[in-house]
Each structure stands twice: as C-alpha cells, then as structure tokens.
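**Q** Each chain, letter by letter, is given below.
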Amino acid sequence: MEQIEFNYPAKRKVPKRAHVGVVGSGDLEVLLEPSEGEVSHVFIRTSVDGFRDAWKAVLDRFFAKYDGAVRIEINDAGATPGIVHLRLEQAVEVSER
Amino acid sequence: MSSKGYSADFINRQSFIELDARERAKALFDEGTSRELVGPFDRVESLWLPMQGVTPQEDDGCVVMKGKIAAQAAVVVALEGAFQGGSIGEVSGAKMTAALDLACADNEKGIRTSAVILLETGGVRLQEANLGLAAIAELMGSILALRKHASVICLTAGTVGCFGGMSLAAGLASYVVMTREARLGMNGPEVIEQENGVEEFDSSDRALIWAIHGGEQRYAMGLADALVDDDAPQVADFIRSFVSKGVPPVNRSSQVALYRDRIAKLDTSRQWDPKEFRALWSVNGLKEGKR
Numbered sequence: 001m002e003q004i005e006f007n008y009p010a011k012r013k014v015p016k017r018a019h020v021g022v023v024g025s026g027d028l029e030v031l032l033e034p035s036e037g038e039v040s041h042v043f044i045r046t047s048v049d050g051f052r053d054a055w056k057a058v059l060d061r062f063f064a065k066y067d068g069a070v071r072i073e074i075n076d077a078g079a080t081p082g083i084v085h086l087r088l089e090q091a092v093e094v095s096e097r
Numbered sequence: 001m002s003s004k005g006y007s008a009d010f011i012n013r014q015s016f017i018e019l020d021a022r023e024r025a026k027a028l029f030d031e032g033t034s035r036e037l038v039g040p041f042d043r044v045e046s047l048w049l050p051m052q053g054v055t056p057q058e059d060d061g062c063v064v065m066k067g068k069i070a071a072q073a074a075v076v077v078a079l080e081g082a083f084q085g086g087s088i089g090e091v092s093g094a095k096m097t098a099a100l101d102l103a104c105a106d107n108e109k110g111i112r113t114s115a116v117i118l119l120e121t122g123g124v125r126l127q128e129a130n131l132g133l134a135a136i137a138e139l140m141g142s143i144l145a146l147r148k149h150a151s152v153i154c155l156t157a158g159t160v161g162c163f164g165g166m167s168l169a170a171g172l173a174s175y176v177v178m179t180r181e182a183r184l185g186m187n188g189p190e191v192i193e194q195e196n197g198v199e200e201f202d203s204s205d206r207a208l209i210w211a212i213h214g215g216e217q218r219y220a221m222g223l224a225d226a227l228v229d230d231d232a233p234q235v236a237d238f239i240r241s242f243v244s245k246g247v248p249p250v251n252r253s254s255q256v257a258l259y260r261d262r263i264a265k266l267d268t269s270r271q272w273d274p275k276e277f278r279a280l281w282s283v284n285g286l287k288e289g290k291r
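Note that the protein sequences, when read in sequence, are chains A and B. Just so you know, we're using my numbering here: the first sequence kicks off at 1 and counts up by one. Just so you know, we're using my numbering here: the second sequence kicks off at 1 and counts up by one.
Source of the hints: derived by calculation from the structure; they are not laboratory data. Quantities reported herein were computed from a predicted structural model and do not represent experimental measurements. Possibly wrong hints are sitting among the right ones.
Claimed, not checked - Dumping the calculated PhoX-like pairs for lysine-lysine here, alpha-carbon to alpha-carbon at most 25 Å:
hint: 1; chain 1: A; residue 1: 16; chain 2: B; residue 2: 66
hint: 2; chain 1: A; residue 1: 16; chain 2: B; residue 2: 26
hint: 3; chain 1: B; residue 1: 26; chain 2: B; residue 2: 245
hint: 4; chain 1: A; residue 1: 11; chain 2: A; residue 2: 65
hint: 5; chain 1: A; residue 1: 13; chain 2: A; residue 2: 56
hint: 6; chain 1: B; residue 1: 245; chain 2: B; residue 2: 66
Generate coordinates for the entire structure from the input sequences, incorporating the hints supplied.
**A** Following this line, the structure appears as structure tokens:
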C-alpha cells in the first residue's frame with residue numbers, strides 16, 4: 001500500500017461533505033469535506049504501488065476545472081484513472097446537491 | 001417476454017442486489033426515518049489492514065443505521081460484500097455487536113427495537129484472525145440476548161452470500177430471508193473442494209452450488225423463512241412483516257432435538273440428492289411444518 005498526498009489551489013467554499021464508492025476490486029472510496037482557506041488537500045492510500053504519476057495526472061485534470069476548497073481522502077483498491085475521475089465527479093455532484 | 005422483445009417488469013424492477021450496503025440499509029426503513037451511526041466520516045477504520053498493506057475502508061465495510069421499520073424502532077446493520085468479501089474484523093464486528101446491544105438495552109427500557117442484519121460475508125477476516133473470531137462469538141451472544149425481546153432478521157440477498165462463522169450467526173436469527181441468488185452455508189464450495197477434493201464438491205459447478213447453498217433450496221428445506229425476489233420494495237415489505245411478527249413461538253436454533261433426529265435418521269452410506277432433502281425436511285414446500 002502506498003500513501004500519496006497533493007495540494008491544489010482553491011477559490012470557493014463547498015456547501016457540504018460527500019462520501020461515494022467502495023474499497024472493492026477496481027473501485028475506490030472518496031471522502032470529500034469542505035475545508036477553510038485557499039488550498040485543497042488530497043490524501044490517497046492505494047493498494048497498487050508505483051503509480052504516483054498517474055494519480056497526479058488524474059488530479060491535475062480534475063483540479064483544472066474544480067475550484068472548491070476541500071479535503072479529499074481516497075482509499076483505492078486498484079481503480080483505473082477513468083473510474084477515479086468518475087468517482088471524484090460523483091463526490092462533487094453529491095457535495096453540491 | 002412481451003412483444004417489445006423484453007420483459008417490462010424485469011427492466012423496471014428496482015434491484016436490491018445492485019445496491020451497496022448503505023443503500024440497502026436505507027431501503028428497508030420507513031421513508032425519511034433513518035440516520036447512520038458511526039459513518040465513514042467518523043473514521044473508525046481497521047488498524048490491522050494498513051499494517052498488512054491492505055487499503056482500509058472508513059466504515060470498515062459495516063454500515064449501521066437507526067430508524068423506524070413498520071413504525072417501530074429498528075436498527076439495520078449491513079455488511080459491504082465488495083470490501084474484503086464482507087469479512088468480519090475487529091471494527092466491523094464491534095459495530096455490529098454494539099448496535100445489537102444498544103437495541104437490547106432499549107428493549108429492556110420498554111422501547112421495542114428490532115434488528116435487521118444484512119449479511120454478505122465470507123466470515124472472519126483472515127488478516128484479523130482471532131479478533132474476527134472473537135467478534136463473531138460476541139455477535140452471537142448479542143443476537144441471543146436481543147431475540148428474546150424483538151425480531152432479529154437476517155437478510156442475505158447476494159451475490160456474496162453468507163458463509164463461515166457468520167452463517168452460524170444467521171442460524172440464530174429469529175427469521176432468515178433470502179433471494180434465489182443468495183447462498184448460505186458454513187463451508188463455501190471452494191473450501192469444501194480444497195479440503196475434501198473435487199469428487200466431494202466441484203466448486204466450478206454453479207448448478208450444484210445453488211442446489212445446495214442457494215436461497216431456494218434453503219427455503220425449501222426450512223432453513224430460511226422467506227424467499228424474496230431481487231426487488232427492493234418487495235424485500236422491504238418482507239422485512240416489515242417480520243418486524244411486525246415479533247419474537248417467533250419457537251426459534252429455529254432451539255429445535256435441537258428436531259435437527260439432531262433428522263441427521264441421525266440419514267443414511268450416510270449413499271449420496272443424497274438436494275431434491276430429496278426438500279421432500280424429507282421441507283416445512284415451506286411439500287409438507288407442513290411447525291413454523
């Protein structure tokens with residue numbers, strides 16, 4: 001298991017927290033919580049080691065559009081980049097609802 | 001099949017099996033009455049999984065909800081089969097036991113509180129071995145205490161099924177509800193094949209697996225009290241009826257003499273067919289029984 005952390009700039013407050021997904025094979029769990037300040041923090045625990053660059057690419061793309069100030073925690077069981085992105089978008093959808 | 005080339009009933013059905021543990025638990029409560037206890041944001045996760053390089057889940061694969069079912073207080077504990085096979089570890093076990101013990105305490109105060117346990121599990125989590133075993137023992141004690149006061153309903157919908165130590169816990173429930181897709185048994189097909197060889201049990205033979213462990217067979221043998229379709233409203237209907245029924249006149253697991261006698265009378269020198277058991281032991285199909 002590998003732990004990875006990233007920070008991204010943020011602009012606005014997020015209305016509420018969201019929890020989506022399951023730590024099942026090929027899937028992941030995302031916990032998104034509103035945070036204070038102008039930075040978003042992402043903390044990842046993944047069962048597959050050695051994919052830091054792939055995680056960075058997915059999150060760079062996600063935060064290119066998303067500007068909420070959040071703390072995101074990801075527990076991953078080998079999800080593909082596409083699934084990771086979908087789960088992140090789903091968490092945002094739930095948090096804005 | 002309709003003239004459209006598909007069955008509208010099947011397409012429009014709200015599947016229960018396709019729901020995750022949290023959605024399953026919520027689907028059983030009276031609309032708008034449920035709230036989750038010790039949820040993922042409380043971050044009570046397994047201490048042991050990360051030490052062994054396994055990613056934990058924030059609710060440890062166990063969802064606890066309190067609310068009302070059929071206008072009565074009820075607690076629902078749902079295991080998430082997709083996380084570590086729904087296995088019981090220190091945290092998930094403690095959450096289940098605590099939920100049932102609190103329900104028991106409410107009953108003792110005069111607030112009738114039933115429990116529904118949604119079991120999708122292979123039993124003890126091997127990474128937490130002894131703690132998992134202890135958790136199941138505690139859980140069984142809690143079920144025995146609670147079932148004196150109110151219904152303890154075990155629901156196994158599939159697709160994981162309910163195996164290992166947790167099948168023993170299911171056996172103690174006031175009522176067992178299964179779907180056709182669900183499986184219930186102490187030793188799973190692969191365990192039997194591994195221990196006794198493929199001649200004893202071919203774990204790749206799906207028809208054989210369901211003929212022995214499947215919901216329909218368990219119901220026909222009187223080891224389950226209801227066989228429901230994979231349909232969320234229908235599942236909720238059955239759960240409501242069993243909550244309303246309350247404590248059964250006789251618990252299945254109290255009928256020691258009945259089951260001992262049945263086993264004693266079996267001629268084990270020949271191979272039995274699953275259908276023969278239905279004829280021999282049936283309480284829900286071919287013959288009338290006590291329950």
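**Q** Hints first: check each against the structure and report whether it holds.
**A** Structure-based check of each hint:
For the hint pairing residue 16/A with residue 66/B, the CA-to-CA distance comes to about 22 Å; that is within 25 Å, so the pair holds. At most 25 Å may separate the alpha-carbon atoms for a hinted pair to count; residue 16/A and residue 26/B meet this at roughly 20 Å. A distance of roughly 21 Å separates the Cα atoms of residue 26/B and residue 245/B; the hinted pair therefore holds under the 25 Å criterion. For the proposed pair residue 11/A and residue 65/A, the alpha carbon gap of about 11 Å is at most 25 Å, so the pair holds.
In summary, the hint linking residue 13/A to residue 56/A is supported, as the alpha carbons are separated by about 23 Å, within the 25 Å threshold. Straight-line distance between C-alpha atoms of residue 245/B and residue 66/B comes to about 19 Å, which keeps the hinted pair within the 25 Å bound.
When held up to the earlier numbered hints, the structure conflicts with none and fits them all.
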